[in-house]
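Asks: Those protein sequence lines, which keep their order, are chains B and C. Note that numbering that gives the first Met the number 0 has the first sequence beginning at 0, numbered continuously upward. Note that numbering that gives the first Met the number 0 has the second sequence beginning at 0, numbered continuously upward.
Errors might be hidden in some of the hints.
Computed spacing ranges between beta-carbons, pair by pair [what the hints assert, rightly or not]:
#: 1; chain 1: B; residue 1: Gly18; chain 2: C; residue 2: Gly42; range: 28 to 34 Å
#: 2; chain 1: B; residue 1: Lys66; chain 2: C; residue 2: Trp730; range: 39 to 45 Å
#: 3; chain 1: C; residue 1: Ile476; chain 2: B; residue 2: Lys66; range: 40 to 46 Å
Using 16 Å as the maximum straight-line C-alpha spacing, the simulated EDC-like pairs for lysine to aspartate or glutamate come out as follows [to be verified]:
#: 4; chain 1: B; residue 1: Lys42; chain 2: C; residue 2: Glu511
#: 5; chain 1: C; residue 1: Lys249; chain 2: B; residue 2: Glu19
#: 6; chain 1: B; residue 1: Lys7; chain 2: B; residue 2: Asp47
#: 7; chain 1: C; residue 1: Lys640; chain 2: C; residue 2: Asp693
#: 8; chain 1: C; residue 1: Lys10; chain 2: C; residue 2: Asp56
#: 9; chain 1: C; residue 1: Lys595; chain 2: C; residue 2: Glu580
#: 10; chain 1: C; residue 1: Lys168; chain 2: C; residue 2: Asp239
#: 11; chain 1: C; residue 1: Lys198; chain 2: C; residue 2: Glu166
#: 12; chain 1: C; residue 1: Lys9; chain 2: C; residue 2: Asp82
#: 13; chain 1: B; residue 1: Lys7; chain 2: C; residue 2: Asp239
#: 14; chain 1: B; residue 1: Lys42; chain 2: C; residue 2: Glu230
#: 15; chain 1: C; residue 1: Lys200; chain 2: C; residue 2: Asp239
These are computed hints drawn from the structure, not numbers from a lab. Keep in mind that this is a model prediction, so the values were computed, not measured. By construction, the Cβ of each residue, glycine as well, lies at the ideal position given by its N, Cα and C atoms.
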Amino acid sequence: MTLNQITKGQTVRITQINGEDAISIRLMEMGLIDGEQIQLLGKAPLGDPLEFAVRGYRLSLRLNEAKCVEVEIV
Amino acid sequence: MIKPPAVPQKKMTIAIIGNPNTGKSTLFNLLSGGYAHIGNFPGVTVEKKVGSVIWEDRQIDLVDLPGTYSLAPRSIDEMLAVDVLLGRQKSVPLPDAIICIADASNLERNFYLFSQILDLSIPVILVLNMCDLARSRGIEIDSQALSKKLNLPVVCTEAHQGKGIDELKSAILKMGVGAEHQPLALFPDVFYQERNLLKEKLQDDAQQGAPNFLVDRLLLDVGGYVESYFEHHTHDGLIDELNQARTRLKAAGCAVPAMEARLRYGWAGELLQGVVHQPADEQVTISDKIDQWMTHRVFGFLFFFLLMFFVFQSVFTWAGPTMDLIESGQEFVDGSVESLIPPGPLRSLVVDGVIAGVGGVLIFLPQIVILYFFIAVLEDSGYMARAAFIMDRLMRSLGLSGKSFIPLMSSFACAVPGIMATRVIENRHERLTTILVAPLMSCSARWPVYTLFIAAFIPNIAYLSIANSPIVTLQGIVLFGMSSIGALVAIPVAWILKRFFFQGDVAPFVMELPDYKWPSPRNVILRVYRRAKSFVVKAGTLIFTTSIIIWAAGYFPGDHSEQFQIQSRIESNEASLGQIEDQLASVTEGDQESLKELQNQQTLLTSEQADLYEKQNQVSSQLVETSFLGMSGHWIEPVVKPLGWDWKIGVGVIASFPAREVIISTLGTIYSLGGDAEDESGLIGSIRAATWPDGRKVFNIPVAISIMVFFALCAQCAATLMVIQRETNSWFWPVVSFTYMTALAYVGAFISYQVGMFFV
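All chains should be modelled from the sequences, with the hints used to inform the complete structure.
Replies: Put into structure tokens, the structure is as follows:
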């Protein structure tokens with residue numbers, strides 16, 4: 000499962016960041032690392048981007064960026 | 000008591016760095032006392048903010064570096080911070096110490112950047128800002144234990160309240176000059192072996208010893224800026240060697256780039272253990288509750304559009320009267336100068352060159368100040384990130400991101416503050432794209448041009464009326480069309496820029512949504528003041544120069560003596576007429592003879608005045624025609640003829656380079672309207688009557704449309720071009736803007752005229 004597929008309010012655990020491009024590096028810099036928990040707080044009015052809670056702060060990701068993040072249900 | 004003589008000590012340079020939204024600029028403002036020298040770093044679009052202070056007889060330069068989450072540069076702009084910290088940026092000496100500012104409520108993520116800074120060899124002071132917010136969330140930090148663990152000074156501050164600043168100052172004063180710091184070095188040995196191998200190879204290229212930190216970045220940042228920099232500055236085959244090194248690292252279980260984030264976050268987690276106590280369960284913060292409304296499907300949009308409407312309404316309500324005030328102020332100064340200096344070249348230079356030039360700069364200030372005030376409030380409160388969040392999906396269909404929305408929307412009032420607002424966009428290419436399309440938005444300076452030509456040539460046909468008041472009219476449709484054409488053209492322009500010129504740079508939208516907070520009045524005022532000042536000082540001088548050049552081109556080489564004679568005559572007649580009026584008022588009823596005499600004189604003078612005005616108009620228009628400006632108008636006539644224009648319109652277009660609305664007064668002069676060229680009804684009459692030498696009318700609907708389309712798309716605004724120069728720190732981008740917009744405007748005007756002529 001990837002991070003773009005979870006539902007609002009759901010908390011999941013990151014298992015892997017796919018890719019070695021600028022986006023995946025950025026995601027890791029922002030603290031999205033395997034083992035870390037992340038929660039979907041809400042969506043923008045047009046359904047994209049998404050707002051997450053991770054490491055105690057709020058992060059906005061686009062659907063295609065969330066797609067790079069492999070997650071598992073806690 | 001005798002004070003010991005101050006020991007002359009070396010000037011200290013302190014770099015300030017931190018994540019975005021950590022209150023870094025507030026802290027910088029407090030430390031520097033609000034005074035900062037603002038300029039640009041050479042070669043990049045990054046603003047250089049240096050605050051010079053003297054504390055306890057020590058001179059200290061505080062260098063504010065742009066907020067960043069990481070020292071892994073992706074563009075030349077992000078490279079700036081790395082270059083400053085390595086002493087490679089020539090305009091700043093190698094810092095003696097670094098102040099790293101971290102958000103106390105979110106230390107883990109902030110410590111990613113912090114751990115990278117610890118890999119440098121410069122002593123660091125760690126500042127935990129917003130300690131109050133952290134406490135209110137139940138986060139407890141033992142800063143002394145942290146300081147002991149890290150073996151460096153840690154200061155807790157609440158910059159918004161001004162707390163902790165004195166402690167920070169004394170920590171800075173304790174720092175020695177030129178002290179060294181042992182790099183943190185978190186990576187396994189195999190990484191440093193590869194680093195040293197690579198470093199040796201770079202030594203051969205006479206790289207004057209690439210610093211360890213830079214070689215680390217070369218190895219770590221796959222596809223980063225350091226990689227492409229070295230690719231262009233070293234021997235061929237470096238990339239192969241680099242890839243081999245990375246493959247070996249992967250085989251050793253240290254795959255880059257994943258290793259860096261894992262190790263740094265691991266280090267941060269371990270370090271913070273026992274030092275920071277988090278509440279057991281994740282709380283729903285007030286910010287989250289506000290966000291549920293602000294990003295709500297219906298309410299979020301509604302609030303956003305109401306807010307934007309309010310901003311615009313305020314710009315028009317407040318800027319309009321202020322701009323009128325500036326204009327009447329200008330007229331008053333004109334009047335005073337005219338009463339002091341007799342008609343002549345000096346008066347012409349002062350009134351039409353200098354005062355007009357200064358007025359042309361000041362007229363922008365109300366819009367800049369008001370728009371920038373709102374932008375600063377939105378940014379400081381945390382709403383700016385939400386605006387980008389809400390608008391991102393829509394803006395992406397235009398090839399931009401949500402961060403471009405506010406700058407582009409501001410440009411509908413005025414492109415100058417719009418372009419200044421692009422500073423919120425960190426991605427260089429996205430920022431440049433936004434800067435390049437912003438001047439296409441229909442700003443308020445285009446309205447006078449539209450209204451003049453629409454009133455003169457577009458028939459007022461109503462298509463839909465309610466209770467006898469027209470709702471949809473042809474004039475309205477044309478005005479709407481002219482106001483939207485720029486925005487419509489901006490879509491393909493942005494697409495082409497992205498597709499062909501700014502390729503390969505994916506802009507991740509990965510963006511922090513900071514906590515909402517009350518904007519600090521001090522911050523907001525300082526930012527508005529700095530923007531306004533930088534506009535007047537930097538862009539203003541250039542706009543002023545342009546105005547003087549255009550004045551000179553319209554003044555020389557003609558012989559103005561006749562014009563000045565007529566002008567003197569008009570003014571002395573004016574004075575006599577005034578005297579007569581006074582006398583008339585004081586003449587007693589019975590004194591019929593004097594009354595008649597005075598009235599006769601009045602009639603005579605009035606009719607002479609009318610003749611003189613007409614003569615003056617003829618002379619003025621002739622002088623313009625024979626001036627350099629007029630010559631260039633004639634010279635470009637073959638170029639503008641396919642647009643349906645005669646040379647006079649050509650002159651108007653050239654003269655309006657400083658600002659679009661100047662075309663109206665130029666057309667007024669050149670069509671011998673003279674006197675009050677702003678008097679629209681007179682101007683409408685005379686342009687309607689204008690003919691080609693063969694007697695055909697110059698203006699018809701296609702010509703009017705062609706002029707309007709030209710002005711909708713052209714870059715006839717010195718202020719915009721100068722602000723682009725200032726914001727991009729290069730003359731290349733204003734030249735690009737001017738060239739592409741003029742080409743677009745020409746093609747647009749050409750098509751409108753040629754197609755329009757089929758229907759005439």
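Asks: Of all the hints given earlier, name the ones this structure violates by number, lowest first.
Replies: 10, 11, 12, 13 and 14
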